[in-house]
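Protein chains: 4
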Amino acid sequence: MAIKVTVWNEGRHDKTNDAVKALYPNGMHNFIKDFLSTDENLIVRTATLDGPDLLTDELLNDTDVLLWWGHMAHHLVPDELVEKIRIRVMVDKMGFIPLHSAHKSKPFQAIVGSTGDLVWSDNRMEIVWNLLPSHPIAEGIPEYFHLEKEEVYGEPFMIPQPDELVFTSWFDDGHIFRSGLCYYRGMGKVFYFQPGHETNPIFHNEYVQKIIRNAIYWAAPANTPVPRPTCPRVYSIVEELKK
Amino acid sequence: MAIKVTVWNEGRHDKTNDAVKALYPNGMHNFIKDFLSTDENLIVRTATLDGPDLLTDELLNDTDVLLWWGHMAHHLVPDELVEKIRIRVMVDKMGFIPLHSAHKSKPFQAIVGSTGDLVWSDNRMEIVWNLLPSHPIAEGIPEYFHLEKEEVYGEPFMIPQPDELVFTSWFDDGHIFRSGLCYYRGMGKVFYFQPGHETNPIFHNEYVQKIIRNAIYWAAPANTPVPRPTCPRVYSIVEELKK
Amino acid sequence: MAIKVTVWNEGRHDKTNDAVKALYPNGMHNFIKDFLSTDENLIVRTATLDGPDLLTDELLNDTDVLLWWGHMAHHLVPDELVEKIRIRVMVDKMGFIPLHSAHKSKPFQAIVGSTGDLVWSDNRMEIVWNLLPSHPIAEGIPEYFHLEKEEVYGEPFMIPQPDELVFTSWFDDGHIFRSGLCYYRGMGKVFYFQPGHETNPIFHNEYVQKIIRNAIYWAAPANTPVPRPTCPRVYSIVEELKK
Amino acid sequence: MAIKVTVWNEGRHDKTNDAVKALYPNGMHNFIKDFLSTDENLIVRTATLDGPDLLTDELLNDTDVLLWWGHMAHHLVPDELVEKIRIRVMVDKMGFIPLHSAHKSKPFQAIVGSTGDLVWSDNRMEIVWNLLPSHPIAEGIPEYFHLEKEEVYGEPFMIPQPDELVFTSWFDDGHIFRSGLCYYRGMGKVFYFQPGHETNPIFHNEYVQKIIRNAIYWAAPANTPVPRPTCPRVYSIVEELKK
Numbered sequence: 000m001a002i003k004v005t006v007w008n009e010g011r012h013d014k015t016n017d018a019v020k021a022l023y024p025n026g027m028h029n030f031i032k033d034f035l036s037t038d039e040n041l042i043v044r045t046a047t048l049d050g051p052d053l054l055t056d057e058l059l060n061d062t063d064v065l066l067w068w069g070h071m072a073h074h075l076v077p078d079e080l081v082e083k084i085r086i087r088v089m090v091d092k093m094g095f096i097p098l099h100s101a102h103k104s105k106p107f108q109a110i111v112g113s114t115g116d117l118v119w120s121d122n123r124m125e126i127v128w129n130l131l132p133s134h135p136i137a138e139g140i141p142e143y144f145h146l147e148k149e150e151v152y153g154e155p156f157m158i159p160q161p162d163e164l165v166f167t168s169w170f171d172d173g174h175i176f177r178s179g180l181c182y183y184r185g186m187g188k189v190f191y192f193q194p195g196h197e198t199n200p201i202f203h204n205e206y207v208q209k210i211i212r213n214a215i216y217w218a219a220p221a222n223t224p225v226p227r228p229t230c231p232r233v234y235s236i237v238e239e240l241k242k
Numbered sequence: 000m001a002i003k004v005t006v007w008n009e010g011r012h013d014k015t016n017d018a019v020k021a022l023y024p025n026g027m028h029n030f031i032k033d034f035l036s037t038d039e040n041l042i043v044r045t046a047t048l049d050g051p052d053l054l055t056d057e058l059l060n061d062t063d064v065l066l067w068w069g070h071m072a073h074h075l076v077p078d079e080l081v082e083k084i085r086i087r088v089m090v091d092k093m094g095f096i097p098l099h100s101a102h103k104s105k106p107f108q109a110i111v112g113s114t115g116d117l118v119w120s121d122n123r124m125e126i127v128w129n130l131l132p133s134h135p136i137a138e139g140i141p142e143y144f145h146l147e148k149e150e151v152y153g154e155p156f157m158i159p160q161p162d163e164l165v166f167t168s169w170f171d172d173g174h175i176f177r178s179g180l181c182y183y184r185g186m187g188k189v190f191y192f193q194p195g196h197e198t199n200p201i202f203h204n205e206y207v208q209k210i211i212r213n214a215i216y217w218a219a220p221a222n223t224p225v226p227r228p229t230c231p232r233v234y235s236i237v238e239e240l241k242k
Numbered sequence: 000m001a002i003k004v005t006v007w008n009e010g011r012h013d014k015t016n017d018a019v020k021a022l023y024p025n026g027m028h029n030f031i032k033d034f035l036s037t038d039e040n041l042i043v044r045t046a047t048l049d050g051p052d053l054l055t056d057e058l059l060n061d062t063d064v065l066l067w068w069g070h071m072a073h074h075l076v077p078d079e080l081v082e083k084i085r086i087r088v089m090v091d092k093m094g095f096i097p098l099h100s101a102h103k104s105k106p107f108q109a110i111v112g113s114t115g116d117l118v119w120s121d122n123r124m125e126i127v128w129n130l131l132p133s134h135p136i137a138e139g140i141p142e143y144f145h146l147e148k149e150e151v152y153g154e155p156f157m158i159p160q161p162d163e164l165v166f167t168s169w170f171d172d173g174h175i176f177r178s179g180l181c182y183y184r185g186m187g188k189v190f191y192f193q194p195g196h197e198t199n200p201i202f203h204n205e206y207v208q209k210i211i212r213n214a215i216y217w218a219a220p221a222n223t224p225v226p227r228p229t230c231p232r233v234y235s236i237v238e239e240l241k242k
Numbered sequence: 000m001a002i003k004v005t006v007w008n009e010g011r012h013d014k015t016n017d018a019v020k021a022l023y024p025n026g027m028h029n030f031i032k033d034f035l036s037t038d039e040n041l042i043v044r045t046a047t048l049d050g051p052d053l054l055t056d057e058l059l060n061d062t063d064v065l066l067w068w069g070h071m072a073h074h075l076v077p078d079e080l081v082e083k084i085r086i087r088v089m090v091d092k093m094g095f096i097p098l099h100s101a102h103k104s105k106p107f108q109a110i111v112g113s114t115g116d117l118v119w120s121d122n123r124m125e126i127v128w129n130l131l132p133s134h135p136i137a138e139g140i141p142e143y144f145h146l147e148k149e150e151v152y153g154e155p156f157m158i159p160q161p162d163e164l165v166f167t168s169w170f171d172d173g174h175i176f177r178s179g180l181c182y183y184r185g186m187g188k189v190f191y192f193q194p195g196h197e198t199n200p201i202f203h204n205e206y207v208q209k210i211i212r213n214a215i216y217w218a219a220p221a222n223t224p225v226p227r228p229t230c231p232r233v234y235s236i237v238e239e240l241k242k
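Chains as they are written, first to last, in numbering that gives the first Met the number 0: chain A, 0 to 242; chain B, 0 to 242; chain C, 0 to 242; chain D, 0 to 242.
Derived by calculation from the structure, the hints in this document are not laboratory data. There could be a bad hint or two in this list.
Under 7 Å between C-beta atoms, here's a sample of chain D residues computed to sit facing chain C [to be verified]:
#1 M89
#2 I110
#3 V111
#4 G112
#5 T114
#6 S120
#7 M124
#8 D162
#9 G173
#10 N213
#11 Y216
#12 P231
Here a beta-carbon is modelled for each residue, glycine too, at the ideal position from N, C-alpha and C.
Extracted from the complex, chain A is given alone in its bound form (with noise of 0.2 Å):
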């Protein structure tokens, strides 16, 4: 069946860059629609934060997977979309997967619990080791690949121990940083992955295409019959059994 992806890229380096507009001509979110798009069995839409196309409460109740690119508007995001989405994936089963510098978003901190704080520096070559090739999400990945220039993201990342920790990354200037990260949020999913500074190809490197895609599989909502979270009151589980 079908996995409908939603691209969410705040959207005003791209437009406003020239280095990024070469990199992205049509803004990143349109270049990893395109490229995700290759697969049959995903339905890729887009949004940003200033539109045309934005994340609407139809696109979102219509998304099963949502990737998450923001960087200089964190805050401009309404705090009434951040606990949509917040809902969304630890009651109604959306996968989430932010990027880069989304672990400054207001999703990324509500829904992992965390302020995503972190040292960064300029860009140096960057070595991505992979930790846990069992794991679906390392499909077809080797033991490690490198980019030849990337925003130095370093510890210590004040993240929460993730479930599975997949990809640790080095940087030539000596950091280091945990830069794929699993966590089970309620009903959800998440996958956050460190590579993606808007003035580098990130994007356009096969392994890091390769990882969006092995985690959008992982994070789809999982089929199961179990019923969207209230809280409720319930009843003597024994005595029902009796019945």
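Since the structure of chain A is already known, use the hints to place chains B, C and D on it.
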């Protein structure tokens, strides 16, 4: 060195419900303060939703470990206070011990990353099982202890998998519940403990008292030279080490 | 692609105990093989301690997922075979699904890192609770299901904290037990499932069958280009990337 | 109460390798014993593979925390001793601190549930990063510290995901390695620490010494009334509580 504990209690049931007043004449917060104060190493203050003692900035900033009991008035806790508590835990190392119905409190949800959803029912007998006897919070606790009557909380409990699952409870109506949960959250630590319904003498129980006290020691701010997270820009460690 | 499953059963109770023979006329291994074989994507073979079908090197090396049921003859499993199974899981990606009394088997202990100690008692009613509805092993499983009669296993269960705790069980005598456990072990994956006492019709239960089948898919060898671990001496990645 | 520590060192390099003899004139075990003994709360003994001081049953049974350094003679450690150590940890609460090349020791493999496989290389500069500043083993440790020269250990490290990942290291040749790992194993606790190649002055480093000392306190046997696991048959708790 003394640990400064603040016991925050919504405090409404304590004033209006006769069963609660009989068990906790000066409120649950003062009862907890009293048994904790037998430990000379703990400095215990209290605060409630309506006062007169409030969780002021001054008190919050002078708190090492915050206990939290709330039930019918979660929504009345101001969002600004919730954010201050969140930062105090994740950035300033404060320990946080949400008790019982605090699973639906705003601070619990924001800090842990959960809606706190579960199922619930009337009073039944509860057996609390010790799953991790080697854990400091289980110090002095036997394989199990029971509570004659406690409000049933049941799974699925929509929490992140705890870093350490210390206790899990059995209820005589067929329900179970992960009842003692440790979480590392940023620079701070959280321990959620389920027993504590206001009309049952739960806080009178010797094991419950011991667990709460163990948890305070576990959750107390770490002695660490790592600076307060501020998401700073940093420079090459390799270059720095060459000097 | 088809998954090759081998069901290993000690096979002694099946030959000597009338209650077991009534439930499983051709042995538990063949009963499990039969229900699994309704899935065309599974190629299922069996082996027992005494034969005629044995877990030869040839069969073991051609096994993607090994199910293991043992009880009274753990000590008769040769240490050499245990080591081969351990390597096959941790180095060669084989999935391992120990069932019920296999908690005391040599492979379980060596692979998981546990003595398998627990407490146990006579048959009681069991309710299996689904703690992680979003997990693939919980696919199609409701919030709970019950088993009329099953041998009680109780905590403390001396296991490592599972990577994913999928199920926990309630018994009507007051015991609880973490009954569905996922572990990542080297290049392989392990799922332990507690229900399965030989004189109860456990493997006839539709949910037990579904869980075992889900677990086979979860534990099947990952599709990974990461080579077989050999603890090799390696060289500078930085130098390699400069070429 | 004093903690009884035994430092076990294979002790072969110490006798044959001049570089090691220069750094550790009385062997690594006595060097570690000396710095630990500055803490009056620790009673430290030593034992080696070849003696004269051996890890006798008497010494092992009188050990609260066992440190283990081995490299070229893992195979010479008798299986019977390995089993005794395993039981002493998992059943009798002993703490176990495998150091450096002990990742390939028999006790590490049996207790943790791992082949200990990794990749390795020649000495490079190492930076040890502190991922969990709130953890007791990280007490007094800064965000990072460096070791001028240390044998490279690299991922993938075929270990179970640690219960707590305290440290991860960076090497200047591009490798990274999860270098400080906490595991709960039965009634006992394990902390693996990677730095410690025999021809480098690793144990002279103040932070390495601090971490080992912190780890001893963390891993020391818990103060618990839970009895020694014996896999006993038990009876109905519900019936017991009715009396």
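Here is what the structure says about each hint:
1. With 7 Å as the threshold, the beta carbon of D/M89 comes within range of chain C, its nearest partner Cβ sitting at about 5 Å, so the hint holds.
2. A cut of 7 Å between beta carbons decides the hint on D/I110: the least distance to chain C is about 6 Å, and the hint holds.
3. For the restraint placing D/V111 at the interface with chain C, the shortest Cβ-Cβ distance is roughly 5 Å, inside the 7 Å limit, so the hint holds.
4. With a least beta-carbon distance of about 3 Å to chain C, the hint placing D/G112 at the interface is held under the 7 Å criterion.
5. Here the hint on D/T114 is kept, as its CB sits about 5 Å from the closest CB of chain C, short of 7 Å.
6. For D/S120, the interface hint holds, the least distance from its beta-carbon to any beta-carbon of chain C being 5 Å, beneath 7 Å.
7. A cut of 7 Å between beta carbons decides the hint on D/M124: the least distance to chain C is about 12 Å, and the hint is violated.
8. The beta carbon of D/D162 is positioned within 7 Å of a beta carbon in chain C (closest approach about 6 Å), and the interface hint is therefore held.
9. Annotation: D/G173 was flagged as interfacial toward chain C, and the flag holds, the nearest CB pair being 3 Å apart, inside 7 Å.
10. With a least beta-carbon distance of about 21 Å to chain C, the hint placing D/N213 at the interface is violated under the 7 Å criterion.
11. Below 7 Å, beta-carbon pairs count as interface contacts, and D/Y216 has none with chain C, the closest being about 21 Å; its hint is therefore violated.
12. The beta carbon of D/P231 comes within 6 Å of a beta carbon in chain C, closer than 7 Å, and the hint placing it at the interface holds.
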